[in-house]
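Student: Residue strings, one per chain:
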Amino acid sequence: MSDTALPVRHGAANKPGHGALANLRGIWREANWIQRLALLIAAILLIIAIFAPLVAPHEPTAQSLIFRLRPPIGFDRFRDGYLLGTDELGRDVLARCLYGLQLTLALATMGACIGLVLGGGLGLVSGILGGLVDDVIMGAVDAQIAIPFTLIALLMLAVFGSSLEVMVLVLGVYGWEQYARIVRGEVRKLMQMPFIEAARAAGASGGRIAFRHILPNIVSPLVVQFTLNISNIVLLESTLSFLGIGVQPPTATLGSMVGIGRDYMPTAPWIVIAPAIMILLVTFAVQILGDWLRDRVDVRLRNR
Amino acid sequence: MSDLLSVKNLHVAFGSNEAVSDLSFDVPARRTLALVGESGSGKSATALSILRLIEREGGTITGGSIMLNDGDGTVDITALDEQGLQRLRGNRISMVFQEPMTSLNPVLTIGDQMSEVFIRHRNMTKREAYDASRQALDSVRIPEAARRVEQYPHELSGGLRQRVMIAMALACRPKLLIADEPSTALDVTTQAEILDLLRDLQAEIGMAVLFITHDMGVVAEIADRVVVLRHGRKVEDANVETLFAAPKAAYSRQLMAATPKLGSGSPAAPPPRGNILEVSGMTTRFKMRGRMFSGHGATVDAVKNVSLVLGKGETLGLVGESGCGKSTLARSVLRLIEPASGTIALDGNDVTNLGREGLRGLRRHAQMVFQDPYASLNPRLAVHELVTEPARIHNLVSSCDQRELAAELVRSVGLEEDVIDRFAHQFSGGQRQRLCIARAMSVKPKLIVADEPVSALDVSIARQVTDLMLELQQREQVSFLFISHDIAVVERVSQRIAVMYAGEIVETGPAQSILNDPRHPYTRQLLASVPRPDPARRRRLGHANPAAPSAPVPRAGTVLFEAAPGHFVREDAA
Amino acid sequence: TELTIGAANVSTYLDPGRDHSNVGSQFYYNTFDTLVEKDHDTTETKWLPGLATEWKLIEPTVMELKLRQGVRFHNGEDMTADDVVFSLNRMYQATFTPYKVRARDRLENFKAAEKVDDYTIRIRVAREEPLWETLLNLQQVMIIPEEYTKGLTGDPKVAEDDDYEAFSLKPVGTGPYKVTEFVPGERVVWERFDGFWGEKAPLDKATVKRMPETASRITALKTGEADLITNVAPDQLSLIESDPTLKAVSAPTALFHVMIMNVNHPKLKDPRIRQALSLAVDRDTLNDALWLGKAIVPSTHTLKEFGALYMPQLKTFEYNPEKAKQLLMEAGYDGFEVTFDTDPVYYTNGLLAAQAITEMWAAVGVKGKVQVSDKWSGNSPDLMVRNWSNPMYFADPFGSFGVMWAPHGPSESEGRFNTDEAYAKTWERFRFSKNVEARKAAYAELMDRIKADPPVLPLYRPFESWAMNKNVNWSPKPGNIPYVLDFRAGSISFATN
Amino acid sequence: MWRHVVRTLTKMVVTLFVIVTLVFFATRMSGNSIDYIIGESVTQEDRELLTRYYGLDASIWTQYLKFLGSFLDGQFGLSFLERRPVSDIVAERVWPSLQLLLSGIGLTLLVSIPFGIAAAIYRKSWIGSAIMTFAFAGYALPNFVLAILMVLVFAFTLNWLPLVGNGTPWHFIMPTIALSGALIAALTRFTRNAMLDVLSQDYMRTARAKGLPERTVILKHGFRNASITILSVLGLQVAGLAAAGSVVIESIFSWPGIGDLLVSSAIQRDYPVLQFAVLAVALAVVVINAVVDIAYAYADPRIRLGGA
Ligand SMILES: Nc1ncnc2c1ncn2[C@@H]1O[C@H](COP(=O)(O)OP(=O)(O)OP(=O)(O)O)[C@@H](O)[C@H]1O
Ligand SMILES: Nc1ncnc2c1ncn2[C@@H]1O[C@H](COP(=O)(O)OP(=O)(O)OP(=O)(O)O)[C@@H](O)[C@H]1O
Ligand SMILES: [Mg+2]
Ligand SMILES: [Mg+2]
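Chains as they are written, first to last, in this note's numbering: chain Z, 2 to 305; chain G, 55 to 628; chain P, 293 to 789; chain W, 1031 to 1338.
Just so you know, not all the hints are guaranteed correct.
Residues of chain W clear of chain G, computed beta-carbon distances all greater than 12 Å [to be verified]:
no., residue
1, MET1042
2, PHE1054
3, LEU1098
4, MET1234
5, ASN1255
6, LEU1266
Per the computed footprint, the stretches of chain Z lying under chain G, defined by three or more beta-carbons under 8 Å from a beta-carbon of chain G, are [as the list claims (entries may be wrong)]:
no., segment
7, 189–199
8, 212–218
Below, computed lysine-lysine pairings styled on DSS-like, alpha-carbon distance capped at 30 Å [unchecked claim]:
no., chain 1, residue 1, chain 2, residue 2
9, W, LYS1250, G, LYS180
10, G, LYS180, Z, LYS190
11, Z, LYS190, W, LYS1096
12, G, LYS341, W, LYS1041
Keep in mind that the hints were calculated from the coordinates and are not lab data. As the structure is a prediction and not an experimental result, all values here were calculated from the model. Note that beta-carbon positions come from the ideal geometry of N, C-alpha and C, so glycine has one too.
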């Protein structure tokens, strides 16, 4: 290779706004059709989640008991104004889906953030300090792997009560061990990298190495794990609802709509199908994007 | 003499990127053609095209023909179908790759991997194939061939693995062997053995060899004819003697010039101004940790009782084969690893027992540059943060002056100022190494320990980097502890040389004194193995036996004596 | 003939003495008998001979019973007075804690049973008992074999706690079906008991399997993996009706779903608040929406099964949002949040009703919030409102309201209901007056008390549905307690085709 | 070697001990089980009586000691609700769960490995995209929705497959698919990634340069190596499968397995059962992981001999 610098977008770092836009366009161009689809879905879902109160035709908890279990548009007994039909209490399925999407995304994001901080922090500590700390944390990881998480969720909800805050906590704890394992693995790999030794040789302290050199380098695998975690949380939340310990009525989340509505699958399938499709879209989009991110990260590494 | 292989107007492209353009050359039967050129010039792409493996790598042959004309008739390889190619590969043409460490399948035994070839092309039964494999291993002079077939690749050393690769390639007595940098990843001594072996086997089997390398020394050793590539184009095609005597193309001349030649002289010694570094009696010990067995107590001394001094403004070159403890010594000197015993003095101050704060002081004055320029730069930091980091750590620069300092530093290593907002992956290898050096220079250290700083670079770029180091030494009076396994490079930059073997320094002294008057047998062997870029002076070594120790096993407790002024040799060098 | 029943739940133990759960009630009647049998075909109270053939008071507090002869337990032993005395005294003079607990609320008045001869016994009560037959017909005093039970563990002469524990896994009775396999929580298998004293059981074998998911139960019925399934929610009935090979039977269940309000909660101390919470609930709408209008909304805490004590004329509870608003204003309701606790699944439509009720509260300006938890919060001082059920353990107001709202009964002892001396006095009259009219008068007074300072609102009497193959003729009998899977002679038959 | 085994075993025991201890204290924190044992409408006085009867009035440490003691008789105590030895209850549930788990793993391997390999080889063609789209979609659907959908289609509407319990091989079809759906999706992706890694390795080129047919190259040289990484994930995934997924599936298919027991005992606060069920699942997971470790070491000669 000749001694010339590789092509580089000049000024990308100076003009972040412009750079971000260019970045987006670049990303779009680079994506294949399925990734584009995922991007589109993600964007649409995000927008309708954020603007749910504006978009939703009804309050999500407003009941009209006489018009319960009405089917969506195009079916017999359809009732005007309830595009996707009504549920077992005569609430608007569409409105609940929209608000549910909002809450589900919020829960999943918060949960994934907590897991990231908790698991990532422990993994970082474990990987950097090693020794006894490492043994203890990894022991906890082993134990966590061996206990079914549904059980932990059950116990936590029993101990702390089943409020939304506790639900966030539960969802946050979910997957911490995966973050911890990944971070620890990455940290240990990074600790072997010459640039860490270079930093030590330059006189960098442990803290500086952790935060300036290691942390930025585990961002990519963490982002990938984060996306997977989000979709797993969405699924977990619906499983908890299935078991009757999810987000509590009348609050709607996609998971609770599916979990609680399942008894109506044979008689009023729209109650389940609409949120199930939303879940499918969310997890599908998030995972495709996550996987794509992983590929991009890998390319970086392979390029060297 | 008819040509075994003729490549005509070959074009190879990766996507829209043309890697090989309009390349034509012939390989005569029983002769060796060397394909030379720097990294990325299309050597491997050409080789892979001949076996039509290039498609697997994502490339395509976009034009030209590759005719193979051995006794069994003429075929155009570019037109063969998959079946035909499979019959060809490993049978009429075979190939040896650069990386012996990764080119063998880690989960299959040597025997499994070798016998496949016999089963495939010679229709042997499993038993017969195993027997044949054993013989093939014998024929590449691998000791204890019977045991080797049961072993897995990771149980063999690099040299042995490369022999296995060669045995495998020669299993069916191919008419053409393609060797893609078969010795680059090996120690000089091992490299010499492999080259000898190849030459002998070529004579024995009577095959043609297409030899790919970027090392002009190796070319001089082995080739009959040479094709020089640059950016995928042929720039010269000549007999080896002609090429070395009178290179026609400018690029060939440049390549020759950059090639370090042993015996081309060392920099002059600086005026004595005292020592920057004094190490005495240093031993560094590693605990052995098996994966399955938690063996406790087992230790290995990677560095044994080493003493050395380094004058101010001077460069001490440290040479020795892989695993002899060079890096460990370098790290111990900077106390990145704690030595088990011995003392280290930097600029007259004892730093052996410094605490955390004191170590910061040590690192203010002593910096390090590593072998792999990519891996030693944090990929997530911008250049202005990268190169100024040591200075920031030692509070030599405020955050507002950081960019200025960075600009100054990159200029001093010959880069444009505007690179300071880029990231490491946006640079080439040589530029990255410059950044590493700039980083080390940011604190204006008195000592830089450079652990194989140019081993990963192409010759011409390595040359630029060593030139830069010499220039910096001139300008800043910085001292270097320069580690390399390439003795020719060491000669170019060092006033003094230390030779390390199995954790000990066996010989040390002024560069020219060591090179011209080696006393220790290991030093002699090392020097003899270095390929000379001069076809007239080909080495004629006997067949080295890799199982036999290549130098006497050092006895413990031996000390150095002065054999000539400043030239110390270990006592056992009888 | 064999029958497979898909049940939402299967008991984790089978001991009629300690059990009074809805799940358990399904199982006992096929396996055990009581001394006094009831005519289950009618809601009228008609007592029939059971394991006792005749009974008469020989003193105001002593009853003598003649036992049926030739009754055999499933294990082949003959039933004698010893078994009966043992069975009764295990409750009347309980040593085993779970029995003590079960006996306390309904059998407190019963002191002892004594053997007179092999087929005659006497039962002694503390005070004159107006409900003799009723309380001899209880599930808790079903007859079990003495020797067998005592011999299950430890000393075969002594009834240890462990004997009773073991019995609940290997139950033996005198009923028409013997339990041949019992996997707690999973499966009960009955086979016809040929030594049964009464009319031969119509089924050779009946297997009850747990199928917790509603959709799965219905599907199993469709695929033929079950012939009869329990707990079909009202919303699923259309599914059964649309299939020509299936049918559903529904019957009002002898219990009330109720809404309880903690009278001692600081915010709910003022009875007007609780009255308002109660008046705001439009129970008819709940019924129409959640129960297809088929549930029964009561005007007071009364059930048809009470026979002479059925008092629909009382108007204790009503829907009157205007009055509710007014009361709230008078009481100075300041918008505090009223929590409504509910179990997620225990009561059919319970969660839905809870949500609907909070919406109805909202209509009168009360801020309600549903709190879902599987935990019983009835004993928590923080409890405000929650759902509950008042089952009819036996056909008398005492067996329903009486068990739950007695002085020192569960509600009071859990601290969410208060009684005073006056209440206790009225209670005494209701419980022990021999004259039915006196009892009715006393009950009406109790209801007035409840109306004035309400701790409870009976929402409705739900109905329970079972679905089955068209050729199975089965339905729950109106005179029975809720949930019983009665497969005795005359209770089930098959269409022949 | 022995030392390694002993160390692994000790680690296992410590892990399990920590788990049961944690579960013990967590359950005691999560509420007095007496409320769940006796249900509603019991006076305070009776509640106290029962509390004493079930030994729940003792201090938590006494209970803990008693709990540890219950390991010794091999019965692990009596179920609060079922009044029989916990070991009987759990033992009954283990086999059906294991059957389902094994058939789930079997199906997963059978489907995801060929598909993963195909997706890697045909990465750029429509075959690869189709497989991966399915893999993503398979993972995106909550498994109980998949299960109920199957029930509605194959049992309710078409009446092709039996639904309840584990009587015949036919009974396995739906639960197995429902249980392994997500895992198949995950493992397909993983196999693909592992294969992609392997396909770019130098030794693959060597194998081709020997003139080996593509099938041999992919399966013998490629998959052998990929299987090592696949194995290491499988162990982790199985743990999730063994417990989390199965709860839902067991409930829908009325499968008398341990997942269902876990949740019902937790909801009903039947602590002795819960604790032992957790222990059993944890043990299974730990053992499976140990087996995977050994298989891993066996598959990878670098580890097998690495320490020698
Ligand atoms: N798989 C690939 N995809 C795209 N481009 C490639 C690929 N492999 C090689 N190239 C490009 O083709 C050109 C020739 O590469 P080739 O590997 O033949 O070089 P080389 O002379 O063998 O170099 P080296 O000495 O580093 O092995 C280079 O520019 C390289 O970047
Ligand atoms: N962290 C470590 N733990 C145990 N042994 C080690 C460690 N680092 C190095 N060694 C051993 O110490 C010896 C010297 O290693 P060192 O890396 O110093 O050699 P080197 O001369 O730099 O080799 P190379 O040219 O390959 O870089 C080797 O046998 C090596 O296996
Ligand atoms: Mg190459
Ligand atoms: Mg080194």
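Student: Work down the list of hints and note, for each, if the structure agrees.
Tutor: Hints versus structure:
1. MET1042: About 16 Å separates W/MET1042 from the closest Cβ of chain G, which puts it past 12 Å; holds.
2. PHE1054: holds, 32 Å
3. LEU1098: holds, 30 Å
4. MET1234: Violated, because the least Cβ-Cβ distance between W/MET1234 and chain G comes to about 8 Å, which does not exceed 12 Å.
5. ASN1255: W/ASN1255 not clear of chain G: closest Cβ-Cβ about 6 Å, inside 12 Å.
6. LEU1266: With a cut-off of 12 Å, W/LEU1266 remains clear of chain G, as the shortest Cβ separation is near 20 Å.
7. 189–199: holds (count 5)
8. 212–218: Satisfied; 4 residues make the cut.
9. W/LYS1250 / G/LYS180: holds, 16 Å
10. G/LYS180 / Z/LYS190: violated, 41 Å
11. Z/LYS190 / W/LYS1096: violated, 45 Å
12. G/LYS341 / W/LYS1041: holds, 23 Å
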